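Chemist: Using the sequences and the hints, build the whole thing.
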Amino acid sequence: MDHGEQPILELRNISKRFGGLKALEEINISIETGTVHGIIGPNGAGKSTLFNVITGLLRPNSGEILLKGNPLSHIPPHRRIPLGLARTFQNIRLFKNMTVEDNVLVGQHVHTPTLILSIICGTRPAIEWENKAKESANTCLRRVGLESMKSQFARNLSYGEQKLVEFARALATEPELILLDEPAAGMNAEEKAGLLKIISKLRDDRYTVVLIEHDMRLVMEICDQITVLNHGKKIAEGEPQIVRNHPDVITAYLGKGSNAYAGTR
Amino acid sequence: MERYKSSIPTCLYKLGFIAVILCVPYIIRNLYYLHLINLIGIYCLVVIGLNILTGYTGQISMGQAGFFAVGAYTSALLMMKLGLSFWVATLIAAVVAAVLGIIIAIPALRLTGPYLVMATVGFGEIIRLILVNWVPVTRGAAGLTAIPAPSLFGFRIISEKSFFYLIYIVVALGILIAVRISNSKIGRTFIAIREDELAAKSMGVPTNTYKVSAFAISAIYAGIAGSMFGCFSGVASPDAFTFNDSVGFLCMSIIGGSRSIYGAFIGSVTLTFVSELLRFMQLYRLIIYGAILLLTAILMPQGLSGMGPVFRKFSHRWKGKRRLHGNIQHSQRKER
Ligand SMILES: Nc1ncnc2c1ncn2[C@@H]1O[C@H](COP(=O)(O)OP(=O)(O)OP(=O)(O)O)[C@@H](O)[C@H]1O
Ligand SMILES: [Mg+2]
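In order, the protein sequence lines correspond to chains A and B.
Residues in the first sequence are numbered from 1 upward in steps of one, following the numbering used here.
Residues in the second sequence are numbered from 1 upward in steps of one, following the numbering used here.
Please keep in mind that the hints were generated in silico from the structure rather than gathered at the bench.
Keep in mind it's a predicted model, so treat the numbers as computed, not measured.
Keep in mind that a hint or two might mislead.
Listing some non-contacts, in silico: residues in chain A with all C-beta distances to chain B over 12 Å [as the list claims (entries may be wrong)]:
#1 Pro42
#2 Asn43
#3 Ser62
#4 Leu72
#5 Asp102
#6 Thr114
#7 Arg142
#8 Glu147
#9 Leu196
#10 Asp224
#11 Lys233
#12 Asp248
Covered, in the sense of this in silico footprint (three residues per stretch, anywhere, with C-beta under 8 Å from a C-beta of chain B), are these stretches of chain A [said to hold, decoys possible]:
#13 88-95
#14 119-128
Here a beta-carbon is modelled for each residue, glycine too, at the ideal position from N, C-alpha and C.
Modeler: Dropping the structure here:
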């Protein structure tokens with residue numbers, strides 16, 4: 001058990017370059033268990049790159065990532081999932097020609113053994129594991145309110161619904177830390193309100209959520225802590241109130257010389 | 001894929017189906033047709049494997065004739081040189097093919113699309129060249145002759161009729177196992193890799209292991225089919241395992257519907273009969289294949305096995321019923 005001291009995720013001096021472009025520069029972030037942590041910043045700030053580095057899809061040029069105190073650098077992406085790390089993508093990456101339920105079942109992958117012989121012989125154990133996996137998948141779908149859609153093909157759902165399926169698929173990996181890349185993008189007001197509820201429910205259940213989001217109202221409402229990135233650098237960090245009034249943040253969002261209120265964007 | 005709960009009528013239906021199949025050699029007395037039917041069974045096995053590799057996992061192979069050849073030669077040589085029984089030889093042939101599948105799959109992991117196709121074409125050619133040039137073992141272009149017939153409890157499987165039962169029992173088993181795999185967690189993972197490999201990886205799927213396994217599975221199916229093919233024809237020579245044959249297998253897979261296991265059977269039936277009908281145009285085989293592929297891609301992207309829902313839809317229209325609601329699942333109309 002942690003005692004609220006060790007952060008669940010710690011980034012130390014993470015840098016990532018794409019050729020001459022410095023997408024991330026010396027980023028230090030520490031995320032506490034059971035919180036909702038917002039990552040904001042203008043387009044191209046390096047937010048998604050940060051997620052790709054954390055999940056291992058991209059290798060940082062330098063720096064260290066610690067998940068519950070364990071370094072991740074030499075763990076390939078798919079091995080990070082059993083450690084409790086899950087994500088969604090900014091551009092929906094669902095398995096489009098699979099049903100919603102099957103999509104979420106893929107999230108269960110690391111929690112069900114692959115009993116080849118039992119599958120070939122059609123015997124009990126494989127069937128029972130499959131049923132168990134389906135039960136968990138349905139629990140995840142219920143959490144995002146899509147249980148009734150489970151036999152639809154993913155490609156037939158609306159954009160907002162597809163975002164939620166991705167969310168459920170991430171939950172199915174039974175994570176402790178969930179990285180959400182712009183979950184509210186393309187959602188209508190009603191769907192956003194639903195999303196807000198789902199995320200606060202997750203916090204109540206001691207999940208840790210890292211949230212990249214452009215919708216300031218949503219970010220300000222839900223996040224415990226916010227990190228602001230601009231041009232690959234961390235320019236501000238802290239509670240929503242502090243961040244929204246930070247002069248550098250206002251400049252980053254609205255340009256120099258502006259005294260407008262960043263929070264109302 | 002709809003799944004019906006087994007009830008008594010469907011049980012009877014299945015039994016009836018099996019009974020009809022068992023009677024086929026007695027209904028079709030023409031040995032030429034029976035020969036074709038047996039060939040279809042053998043091709044069907046290769047195509048089942050190919051469907052798992054291509055239709056499910058999304059890795060296109062134009063080198064299946066290579067695995068097919070390895071199965072035929074390995075088992076024939078084991079029977080002729082070491083006097084092993086057909087059954088043991090087939091088992092070893094399957095293992096050898098699987099190992100070969102793994103060996104070529106590993107470098108192929110980095111390749112996708114046309115590059116992967118080229119690599120598999122290369123593999124098929126390498127195998128063919130080995131068969132032609134390794135004369136002391138393979139007897140070169142002349143090939144192996146007088147491959148012994150399989151025997152079971154002293155009964156020699158040599159007539160078309162007895163081969164029919166051997167081949168179709170293996171086909172039935174092959175279909176059963178493939179259907180179980182495709183409906184299981186493994187099949188789901190294969191499809192996930194085809195749909196979005198990066199997303200699958202991000203869900204914890206060891207995508208490389210699965211991609212290599214798909215190659216191994218397809219090689220096992222082709223290897224077993226090859227072993228039966230050798231005994232069935234009694235001869236095995238390099239010109240039975242060419243690039244044309246690999247393209248033929250891919251054609252069968254696509255015509256029947258590569259995303260369905262039963263599609264493998266539909267595809268092998270269709271293409272075998274079409275090829276026989278167009279025998280007089282043998283020289284233009286690849287052109288015909290090309291035309292068929294093009295038409296399939298345009299008219300029925302899911303192959304013949306994907307046409308069910310489309311037919312159903314039309315029959316509903318004719319009955320004056322209202323349009324089937326929303327998801328006509330396999331018909332792949334251009335929907336967003
Ligand atoms: N794989 C890549 N190769 C080269 N450049 C990249 C790559 N991925 C991202 N970049 C560049 O890195 C910078 C940061 O991109 P990133 O996607 O992290 O931005 P972001 O903060 O997520 O922006 P947005 O809000 O638009 O999603 C951008 O300039 C982008 O063009
Ligand atoms: Mg982004």
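Chemist: Each hint needs a verdict: does it hold in this structure or not?
Modeler: Against the structure, the hints:
Chain B leaves proline 42 of chain A outside its interface by the beta-carbon criterion, the shortest separation being 25 Å against a cut-off of 12 Å. With a least CB separation of 22 Å from chain B, asparagine 43 of chain A remains clear of the 12 Å interface cut-off, as annotated. Interface exclusion of serine 62 of chain A from chain B stands, the closest Cβ pair being 23 Å apart, more than 12 Å. Residue placement check: leucine 72 of chain A keeps its beta carbon more than 12 Å from all beta carbons of chain B (closest about 14 Å).
At the 12 Å boundary, the C-beta of aspartate 102 of chain A falls inside the reach of chain B, the nearest C-beta of that chain being 6 Å off. Against the 12 Å criterion, threonine 114 of chain A falls within the reach of chain B, whose nearest CB is about 6 Å from its own CB. Even its closest Cβ contact with chain B, about 19 Å, leaves arginine 142 of chain A beyond 12 Å, as expected for a residue assigned away from the interface. For glutamate 147 of chain A, the condition that its CB be more than 12 Å from all CB atoms of chain B holds, with the nearest at approximately 17 Å.
The beta carbon of leucine 196 of chain A sits about 25 Å from the closest Cβ of chain B, which is more than 12 Å, so the claim that it is off the interface holds. The non-interface label for aspartate 224 of chain A is consistent with chain B: the shortest C-beta to C-beta separation is roughly 25 Å, beyond 12 Å. Remark: the non-interface label on lysine 233 of chain A is consistent with the geometry, its nearest Cβ contact in chain B lying 27 Å away (cut-off 12 Å). Non-interface call for aspartate 248 of chain A relative to chain B: holds, since the shortest CB-CB distance, roughly 33 Å, exceeds 12 Å.
Counting residues of the stretch 88-95 of chain A whose CB falls under 8 Å from any CB of chain B gives 4; the rule of at least 3 is met. As drawn, the stretch 119-128 of chain A meets chain B at 4 residues by the rule of a beta-carbon pair under 8 Å; at three or more, the given contact holds.
Hint compliance for this structure: hints 5 and 6 are not met, and every other hint is.
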